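Trainee: Given the coordinates of chain A, work out where chain B with the ligands should sit on it, guided by the hints.
Protein chains: 2
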Amino acid sequence: MEEWTVEVHHSKTKKDKPKTDQLEFGRIFTDHMFIMDYSEPVGWHDPRIVPYQPLTIDPSAMTFHYGQSVFEGLKAYHTPDGDIQLFRPEKNLQRLNRSNDRLCIPPVDEAFVLEAIKQLVFLDREWIPTSEGTSLYIRPFIISTEPFIGVAPSHQYKLIVILSPVGAYYKEGINPVKIAVENQYVRAVKGGTGEAKTGGNYAASLKAQELCAQKGFTQVLWLDGVEKKYIEEVGSMNVFFKINGEVITPELNGSILEGVTRNSVIQLLKHWDIPVIEKKVSLDELHEAYMSGTLEEAFGTGTAAVISPIGQLSWEEHDLFINEGNTGKTAKALYDTLTGIQYGREQDPFDWVEIVNEKSAVK
Amino acid sequence: MEEWTVEVHHSKTKKDKPKTDQLEFGRIFTDHMFIMDYSEPVGWHDPRIVPYQPLTIDPSAMTFHYGQSVFEGLKAYHTPDGDIQLFRPEKNLQRLNRSNDRLCIPPVDEAFVLEAIKQLVFLDREWIPTSEGTSLYIRPFIISTEPFIGVAPSHQYKLIVILSPVGAYYKEGINPVKIAVENQYVRAVKGGTGEAKTGGNYAASLKAQELCAQKGFTQVLWLDGVEKKYIEEVGSMNVFFKINGEVITPELNGSILEGVTRNSVIQLLKHWDIPVIEKKVSLDELHEAYMSGTLEEAFGTGTAAVISPIGQLSWEEHDLFINEGNTGKTAKALYDTLTGIQYGREQDPFDWVEIVNEKSAVK
Ligand SMILES: Cc1ncc(COP(=O)(O)O)c(C=O)c1O
Ligand SMILES: Cc1ncc(COP(=O)(O)O)c(C=O)c1O
Numbered sequence: 066m067e068e069w070t071v072e073v074h075h076s077k078t079k080k081d082k083p084k085t086d087q088l089e090f091g092r093i094f095t096d097h098m099f100i101m102d103y104s105e106p107v108g109w110h111d112p113r114i115v116p117y118q119p120l121t122i123d124p125s126a127m128t129f130h131y132g133q134s135v136f137e138g139l140k141a142y143h144t145p146d147g148d149i150q151l152f153r154p155e156k157n158l159q160r161l162n163r164s165n166d167r168l169c170i171p172p173v174d175e176a177f178v179l180e181a182i183k184q185l186v187f188l189d190r191e192w193i194p195t196s197e198g199t200s201l202y203i204r205p206f207i208i209s210t211e212p213f214i215g216v217a218p219s220h221q222y223k224l225i226v227i228l229s230p231v232g233a234y235y236k237e238g239i240n241p242v243k244i245a246v247e248n249q250y251v252r253a254v255k256g257g258t259g260e261a262k263t264g265g266n267y268a269a270s271l272k273a274q275e276l277c278a279q280k281g282f283t284q285v286l287w288l289d290g291v292e293k294k295y296i297e298e299v300g301s302m303n304v305f306f307k308i309n310g311e312v313i314t315p316e317l318n319g320s321i322l323e324g325v326t327r328n329s330v331i332q333l334l335k336h337w338d339i340p341v342i343e344k345k346v347s348l349d350e351l352h353e354a355y356m357s358g359t360l361e362e363a364f365g366t367g368t369a370a371v372i373s374p375i376g377q378l379s380w381e382e383h384d385l386f387i388n389e390g391n392t393g394k395t396a397k398a399l400y401d402t403l404t405g406i407q408y409g410r411e412q413d414p415f416d417w418v419e420i421v422n423e424k425s426a427v428k
Numbered sequence: 066m067e068e069w070t071v072e073v074h075h076s077k078t079k080k081d082k083p084k085t086d087q088l089e090f091g092r093i094f095t096d097h098m099f100i101m102d103y104s105e106p107v108g109w110h111d112p113r114i115v116p117y118q119p120l121t122i123d124p125s126a127m128t129f130h131y132g133q134s135v136f137e138g139l140k141a142y143h144t145p146d147g148d149i150q151l152f153r154p155e156k157n158l159q160r161l162n163r164s165n166d167r168l169c170i171p172p173v174d175e176a177f178v179l180e181a182i183k184q185l186v187f188l189d190r191e192w193i194p195t196s197e198g199t200s201l202y203i204r205p206f207i208i209s210t211e212p213f214i215g216v217a218p219s220h221q222y223k224l225i226v227i228l229s230p231v232g233a234y235y236k237e238g239i240n241p242v243k244i245a246v247e248n249q250y251v252r253a254v255k256g257g258t259g260e261a262k263t264g265g266n267y268a269a270s271l272k273a274q275e276l277c278a279q280k281g282f283t284q285v286l287w288l289d290g291v292e293k294k295y296i297e298e299v300g301s302m303n304v305f306f307k308i309n310g311e312v313i314t315p316e317l318n319g320s321i322l323e324g325v326t327r328n329s330v331i332q333l334l335k336h337w338d339i340p341v342i343e344k345k346v347s348l349d350e351l352h353e354a355y356m357s358g359t360l361e362e363a364f365g366t367g368t369a370a371v372i373s374p375i376g377q378l379s380w381e382e383h384d385l386f387i388n389e390g391n392t393g394k395t396a397k398a399l400y401d402t403l404t405g406i407q408y409g410r411e412q413d414p415f416d417w418v419e420i421v422n423e424k425s426a427v428k
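Chains as they are written, first to last, in the numbering used here: chain A, 66 to 428; chain B, 66 to 428.
Bound-form chain A, shown alone (with noise of 0.2 Å):
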């Protein structure tokens, strides 16, 4: 596929772009989107950057019926240069893979996929806002496609990259959120599709989710299927705990997301000299720790809101209050240090940024 090119069929019109300091989350998308197709024998085929349109597929196609859709999430941030930058593509497209794998999908070319992300950003690039904390969001998805009603893989599919200009995540911003344990509804479980990102599992989260705001919370903080006690994640993030001068997060195990931002956060602990620990957390350690005063910290991370701290950790008749209810000092320097390199502000001693311009353009 190295030698293909992606053909452009130029929007003929130009939308109106949002005022910046109104930003929602995923609600406006931009002039132009990118699409390939897969079908046998041919695979994945005719890479094509088109208008921002509707798609017109069949009611039987397989997508509407069986869930079997994989999809990613990353950014494109304007550095104070004017320059665009990506944060960690290719551990997007690296885990596509993993969830196209899961999800009995065939594999894309991620390093040619990343060209044609960066080409579509670099012809939409007007839309990526400037302002603090704004960014470019990126949205690539395969559904599959065939007209067919029988539980199997599909043998069509198409892979679509949207764009959408965004503003802060989570209306709470870098401040602390309160969060609900919860014990009755299960996100993923070992042998289940936990580690994949693919649309099942945002979909069991629901019901949990609509519970827990009606009672005032923002996300819950999900145990393990199998024993109810072990922590895995926190909403749609990782999480992250500090204990006693200690950092850490649950292991990777087969039913939680392997997240870029809970890879880059460990990384920069490490490079700090904060003892990290990818291990199996309890809920009743967590609960010691609270008693005998060492739990310091307690934060999410993810592409969205980068680092979320947890101000309150509710369960029965638990209410922990971490920090006091303010953002601690290490999810500070991490959130800090992440936008930093993220929005080109600063250094990146990870090679961890790829720049989008031009070159992109050309292929």
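These are calculated hints, taken from the structure and not from any lab test. A portion of the hints provided could be inaccurate.
Since the list can't tell identical chains apart, any single copy or any two copies may satisfy a pair.
[Said to hold, decoys possible] The calculated lysine-lysine pairs, modelled on BS3-like cross-linking and capped at a C-alpha distance of 27 Å, are:
#1 LYS272 / LYS156
#2 LYS243 / LYS280
#3 LYS335 / LYS156
#4 LYS345 / LYS255
These numbers come from a predicted model, not from an experiment.
Mentor: Frame of chain A, contents of chain B with the ligands only:
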């Protein structure tokens, strides 16, 4: 919604119908489909029958990303007298609303949707095939259509019903199939979405199905996700075992789909004074029964295949050849009676059958 009527837009052309002896499952669709929209604050509205046609949906529609969708499956049968019958359709509509509840999708008016389905089936009645074992498969499904990239319940939906003339679901028909016990992958877990008919459960099942097919098995037997000890379902069917004259089936536990065929089988067995017990069924128990010579039969139940006998059940070093690989007496009697009632060849002592006729069309 009771006073509502379905607006009908007739198809200008009629498609060719498939040869009845070449019918596959779920590849061909009839001339019309039913659609109804949901938006707020109106609720479900604009019910209509239109020519079968592709859907036009925004690429940001939630259904492509977060798997918030549900579906149902039932059949219309031709009787020897030329009547058209549905089998316990109200059960499917009830289950649709239970699935909706789990997936945070607003409920539908069950009676109204059933009327709409009957009207659609009557309009496309020429598509109901007449030869042995064939029928018209009815697929209602709901997708979330709000153009929004964010994990939350959608505020817009479409309910769609499409129809497909079908032959046998498994090429084996009523002949016994070879089943592999799955001990790595998990279909569903208590607290998850297993008891809802939603795409994610089926997406999760594809990998195990693919691997078992490579080894020459037709389907997998799913174990519980917690202890990997108790039997849940077989492929996408419920499962029954006859041990020492008694029929047992896994009890509903939150991760098993409550099949309409399962419920009908239980009622029929009771009617025949054959003991039937819903309880936890462990793989060990099955193995012991086999070794002591009391495992008499095993079979799956579902709308698509009705009754599917299990001739071989394998895991690790174990290969159980059940009833010497033949279709058992109970399975055969259930198949004959159920299909007899469904196709109107036998009496219907339970009032399970619902007739579709001219009256279904005038509303
Ligand atoms: C379930 C889940 N966990 C964790 C994450 C965090 O992953 P990342 O840091 O790659 O955004 C996400 C978001 O992508 C997610 O959906
Ligand atoms: C997972 C699963 N289990 C069981 C069944 C059997 O249910 P029913 O008898 O209602 O067709 C189905 C099929 O509908 C199914 O998808």
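Trainee: The structure should be examined with respect to each hint, and the outcome stated for every one.
Mentor: We went through each hint and held it up to the structure:
1. LYS272 / LYS156: between (30 Å within a copy, 23 Å between copies)
2. LYS243 / LYS280: Close inside one copy (10 Å), not across copies (49 Å); limit 27 Å.
3. LYS335 / LYS156: within (19 Å within a copy, 57 Å between copies)
4. LYS345 / LYS255: both (14 Å within a copy, 21 Å between copies)
Comparing the model with each earlier hint shows no violations; every hint is respected.
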